[in-house]
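Undergrad: Letter by letter, the chains look like this.
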Amino acid sequence: MQHLILVLPLLIPLYGAILCLFFWRKLGVQRVIGVATQLSLCAASAYLLSETDQAGILTTHIGNWEAPFGITLVADLFSSLMVVASAVVGIAVFVFSLRGLSNARLLYGYYPLLLLLQMGVNGVCLTGDLFNLYVWFEVLLICCFVLIALGGSKPQLEGSIKYVTINFLASSFLLIGIGMVYGILGSLNMAELAVLIRAAEDNHGLITLASVFFLIGLGIKSAIFPLFFWLPASYHTPPIAISAFIAGLITKVGLYTLIRLFTLLFVLNQDIVLPLLLVASGLTMVVGVLGAAAQVDFRKILSFHIVSQIGYMLMGLAIFTPLAIAGSIYFIIHNILVKTCLFLISGVVYRTNGSFTLKNLGGVYLFQPLLAAMFVIAAFSLAGIPPLSGFWGKFMLAKAGLEVGQFGLVATSLSVSILTIFSMTKIWNEVFWKKRPRTDVTADAAMAEINVADKPVIRLLHLPVLFLVLAILFIGLYAEPLVSLAFRASEQLLNSEIYINAVLLK
Amino acid sequence: MDILLPVLVGFLFAAGLYLILHRHFFKLIIGMMLFGLATNMFLFVIGRLTRGNTAIIAGTDQVASEPFADPVPQALLLTAIVIGFGVQAFAIVLIKRVYQVFGTNDLDDLDKTDRIHEKYPDKASE
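Sequence order for the protein chains is A and F.
Anchor point for the first sequence: position 47 equals 47 in the numbering used here, and the numbering is continuous, going up by one each time.
Anchor point for the second sequence: position 97 equals 97 in the numbering used here, and the numbering is continuous, going up by one each time.
Everything labelled a hint here was simulated from the structure, so no lab data went into it.
Note that the structure is predicted; figures quoted are calculated from it, not measured.
Do not rely on the hints blindly, as some may be mistaken.
[Claimed, not checked] 20 angstroms max Cα-Cα, derived PhoX-like pairs, lysine-lysine:
no., chain 1, residue 1, chain 2, residue 2
1, F, Lys112, A, Lys154
2, F, Lys27, F, Lys96
3, F, Lys119, A, Lys359
4, F, Lys112, F, Lys96
5, A, Lys154, F, Lys96
Bound-form chain F, shown alone (with noise of 0.2 angstroms):
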């Protein structure tokens, strides 16, 4: 597992990447889907991976009997998966709404907000 994990959150960071800088809108989402889920698995792998007990102190004991997992990344962990769900969430509801006004699929089209003279009329961000 200690050489399988990284290698797999390598790929998916490679994977995440790359479908991000796709052009297609469903391309973008599923990357940066898998790019926070690489992020995720980072933070778990590198808390290391301690098999063993978890680190609930016993009744009388001082400290935990070694060895025991880290809680730290975990507990990290589990704040980064309820802060990228809702990042991602919205990000679909924003990409669903932006198909719907555009009626395109391909984020090339979307380039008028970085042109100088093509533009969209001011009325619009009134």
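If we strip away everything but chain A, and leave its shape as in the complex, we get (with noise of 0.2 angstroms):
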């Protein structure tokens, strides 16, 4: 059976996109087709996951081309996550945008190629294809580029050299690990791969060697140790509405991926490869909150947490029990949502106070509590205080830890977790808590003049902030749904056959 319902994540921010175009240069029509368009894939999106949750696994072939003939679109409960995650991340970026950006920028086309990316977004995690996976990712690629470098300026140039490179050498690594599984197995349907794999009496070690290339290749994309050194070196380069996004979501994609990989596809020689990934997953966490605590810009503290967190998240795949999956699937889905927060309100931040260095910042507590307070909410849930969401995904992790017995590990999650805290509290104290740094009295001036001239764009700086706060705290303190949902995410993910008869038509 077709479900149309599956390619509305991937058109309506194409057609959004294309309108936009024909609004070159007219940013009032192109803000219209925005909020529009955005709506629209939420709720696209929200019902895509109702559908999941309730109908299983979906499927499409495009152009009525048969399972592993054609192109096929799957989605399961896992993807669903990540597209309603993108959607929601998306709303609250599109908002900042509006005000929190520079016309100059958003003049050289930030709309279209936003809506673009998060199309790239919803391809990878709906796409069936191992092909049609690399397709997406360039898609996505390439928009991350060009936002990157949107604007010109010298620190993006020097961030986007060091982003293209890299990650042009990852996707050529993607690409040789799809050649060589088809070059081995034939196909490029991922459930018809999972088939043959299993079944696969010889040429165990050329899949693996293949599955290697596909590690190297997603772990640059995903910033696995040792593998992380562009995302700290370029993350924070791009005006803030720009790299919330990116920040937010990119890596999780590749992360995405990776997991989506090695449940349903590389399988074999298990014993070697997943400890690998356990140490890698240790050493991430550790070297990611190590490289934080050196920092003294609000945007780079942040940016080397997102390597610290990749590790928690790749502790899920490594440790491979149902319990530490759903643990990887919800951590996930609340850093996607967290760390987008942190970064936007390291802008707003920026806004009213003109710095993103801790030294030249101070006060903002006594300006602005509301900010603080929800600093407070999402820099906590970032180090998993309870009852907040951070908490119950790295409870899943560590008691799955115990479970299988990876004392080193748990121990290691669990002190990276404390130095989290001690990041957060320098941010805050810093930045929230102390004086404000005596030495220029006109920006005191400045930002009282602000403060008058700006209030109703100030405020609304703060919208996106506090629907990404809500969003936390419903997950962290009604977290029984997304738990759930994430608990029959990783059934379906541990249970290939699920997905296998899904696609072929079993």
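If you follow the hints, you should be able to join the two separate chains into one complex; please do so.
TA: Spelled out as structure tokens, the structure:
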């Protein structure tokens, strides 16, 4: 049976972007189109989630070419959760960009690029074809390239050279892996490949070799130790309305693909691959959090924390039990929301105080107590203080780790949480609590002026932060629905017959 | 050809990676191009080099007559070439822009975003 609902998360942003291109340099019209697109995208993804929740895995064969021959779109619970999270984050970033980005950048096509990027993310999450996956990754990446360089300021250009070069290499590795898989097994449909790999009698070594190419390619994209150096060097350079979306979502999409492929396809030789992932996840956590401890820039601290949090998500895959995978899924969704929220908060702080450097900031609590309260919620959620959302993810992961006897990794993950609190406390002390530095009196005057003139603007910038904080509180205080969804998603991932049967119509 | 092409692909990979590791902008671009080419060639070669017919099925037949070349890797290759072309075009423009803005040809001069204390003024990234 064909489910056209699957095509909507791809078509809505595509049509929105094309319409925006028709109204090039007419920001008012583009904004209206953007609002309509974001809202309908959100509605479509929510509908997709409720459908996959009730009917199980949905598939669509594009052009009615039956499964192993044509391109199939597949939505299970994990992919629909990702699509919903990206739509929610998309709305927040879109609202922030209405006033949080300079007009010069908006005029050069920010809105169509954002929509195309969302299309790429949804495409990666929904595709059931290996080569199609690569194409969606390229759609997503080229939008990221342009967005990071949009405006062409010095730091952006420097960051984007690093980003472009390393991600070009990562994509090539991904393509080599896909070519190897096709050369060995002669198919590109992920469900058929899953059957072929499980039935393969020889070539186990070659398949594992191909999986290493995927591991390296996707490892670069999702910033796993030791392949993460490009991330803190580039993610903080673009304006917040751009970096919040990219930082919140793109590395998690890489990790989504890693989890999908290593549960569905590359299940051979797990006794070699999983310990490797285990070590990588522990080192990713530790190195990320230690890197953050040394930084003195709001956005750079957050960028290093992205790396650190990636370790937790990888930890679930490395432990490879239903509870652990569910923990990873919950953690990914939680982290997409929290990370975007923290980046947006840094944007609001910059807008009202004119700096990202901790040394130049201070006393925000005095002027913007609401913003400070929202930062506390997001930061504690990131660190995993109960009852906020990060706690449940870390609790599930730690419990799964203890059940299989990975005491070292669990201890590492818990001590990394403490170091996360340390970094967040540093931001809190420097940005919100300490006295405003006395060096320039003009800044105070300028700030007072901003507060009078820009009050509606600042209020509008608070809106997406508030929206995300409410979302974080919701999945934290009322965690049951998301936790049970994550459990059922991990059941679907680990019982690959469900996926195979749904796609190949057995 | 079955021996020569894999060796050529390996040589292209090595040359591409070597040039990407260079500090010079121009060599970076050439390296990215060679690496992309190597990837495309790899896709082509791994689809087996079959000499013979195309996979077009003649009027009355049910299947294509053996031996025929597998069309799937060629279709993939075509897509990958187009994507690679787009990415490389963007990379060339980006690097030209970087050269104009920074006035340098050395990647080692672009290390400010990696440093902790030495950084661009905040205004630059507004």
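Undergrad: Please go over all the hints and tell whether each is borne out by the structure.
TA: Hints versus structure:
1. F:Lys112 to A:Lys154: holds (10 angstroms)
2. F:Lys27 to F:Lys96: Distance of about 13 angstroms is within 20 angstroms: holds.
3. F:Lys119 to A:Lys359: holds (13 angstroms)
4. F:Lys112 to F:Lys96: Holds, because 19 angstroms separates the two Cα atoms, which is no more than 20 angstroms.
5. A:Lys154 to F:Lys96: holds (13 angstroms)
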